[in-house]
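Q: Sequence:
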Amino acid sequence: MIRAILFDLDETLFDHRRAVAHAATRWMETVCPGHELLPEAPALWLDLEDKHLPAWHAGECSFAEQRRRRLWEFCDRLGMPAPADPDAAFAGFLTHYEDAWAAFPDVAATLAVLGDGLTLGVLSNGDPVQQEAKLRRLGLMDRMEVVLTPETLGAFKPAPECYLRAAAKLGLRPEEVLMVGDNLLLDAVAPARVGMHGVWLDRYRAEPSPAFASSGEPAGSVVRVTTLRDLPGVLDGLNPRLADAVRAA
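Every letter in the sequence shown is one number past the one before it in our numbering, and letter 158, counting from 1, is 158.
These are calculated hints, taken from the structure and not from any lab test.
Each hint should be verified, as a subset may be incorrect.
Pair by pair, the computed Cβ-Cβ distance ranges are [claimed, not checked]:
(1) 128 with 237: 43 to 49 Å
(2) 145 with 98: 24 to 30 Å
(3) 64 with 29: 33 to 39 Å
(4) 109 with 152: 26 to 32 Å
(5) 233 with 39: 23 to 29 Å
(6) 226 with 117: 44 to 50 Å
(7) 195 with 54: 47 to 53 Å
(8) 60 with 99: 28 to 34 Å
Quick reminder that beta carbons are idealized off the backbone N, C-alpha and C, glycines included.
Using the sequences and the hints given, assemble the complete structure.
A: What follows is the structure, encoded as structure tokens:
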């Protein structure tokens with residue numbers, strides 16, 4: 001019986017790619033107008049997030065330091081001068097980023113029906129101050145009974161203890177929790193390994209790596225959907241009566 005759903009935030013409830021595309025473009029237009037590589041800026045920024053955030057997750061640097069490293073490499077890769085004050089420069093980027101904060105179109109209606117009979121929460125690897133600010137801006141903070149981050153759990157996804165402690169915070173067993181998110185490993189496979197039900201939200205219809213396909217992961221514990229509107233179908237096999245109520249709403 002599923003009693004709680006934990007959602008990842010970025011690229012699950014919050015349209016991070018859209019906000020980054022807006023911010024990277026506007027920031028470059030401000031500091032380096034007419035730059036010939038402007039169209040490449042959003043994709044590069046996202047790539048550098050994937051490269052530098054793990055250092056923070058591993059405790060090798062602070063959250064602020066990984067931001068500086070990202071900005072320095074971003075400027076270097078695009079042939080731009082390094083900012084004299086990287087923190088001030090990043091603050092300029094953040095202003096544009098925050099201007100574009102928005103939820104995905106399928107979020108509000110899905111949460112409205114899933115809120116009946118289920119505990120809803122967020123489990124994110126992000127900075128708690130920023131993630132809670134996003135939820136407030138999106139009007140979702142009041143819908144979430146818990147907002148769990150590494151600061152509250154003492155571990156990052158995909159560490160097993162992250163999911164086990166999250167379930168404990170909810171007062172539930174892992175098998176009573178459904179985890180939903182855009183990252184196949186962090187939000188579906190890893191939680192399934194500790195007994196949760198993992199749902200991979202594949203909004204962009206990516207192909208799982210061959211390594212995953214042949215890894216012997218428990219396929220029955222991991223479900224792929226392409227929109228949050230698919231969640232009633234997932235619940236159908238877990239909580240039949242709840243799924244009927246969600247579908248009828």
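Q: Give a verdict on every hint.
A: Tested hints:
1. A hinted range of 43 to 49 Å for the beta carbons of residue 128 and residue 237 is inconsistent with their spacing of about 34 Å.
2. Between residue 145 and residue 98 the beta carbons are some 25 Å apart, a value that agrees with the proposed interval 24 to 30 Å.
3. The hint said 33 to 39 Å for the Cβ distance between residue 64 and residue 29, and at roughly 25 Å that hint is violated.
4. The hinted range of 26 to 32 Å is satisfied by residue 109 and residue 152, whose Cβ atoms lie roughly 29 Å apart.
5. The given range of 23 to 29 Å is broken by residue 233 and residue 39, whose C-beta atoms sit roughly 38 Å from each other.
6. Range check, residue 226 to residue 117: about 25 Å between beta-carbon atoms, so the 44 to 50 Å window is missed.
7. For residue 195 paired with residue 54, a C-beta distance near 25 Å fails the hint of 47 to 53 Å.
8. Between residue 60 and residue 99 the Cβ separation comes to about 31 Å, which falls inside the hinted range of 28 to 34 Å.
Figure legend: structure checked against the earlier numbered hints; hints not met, in rising order: 1, 3, 5, 6 and 7.
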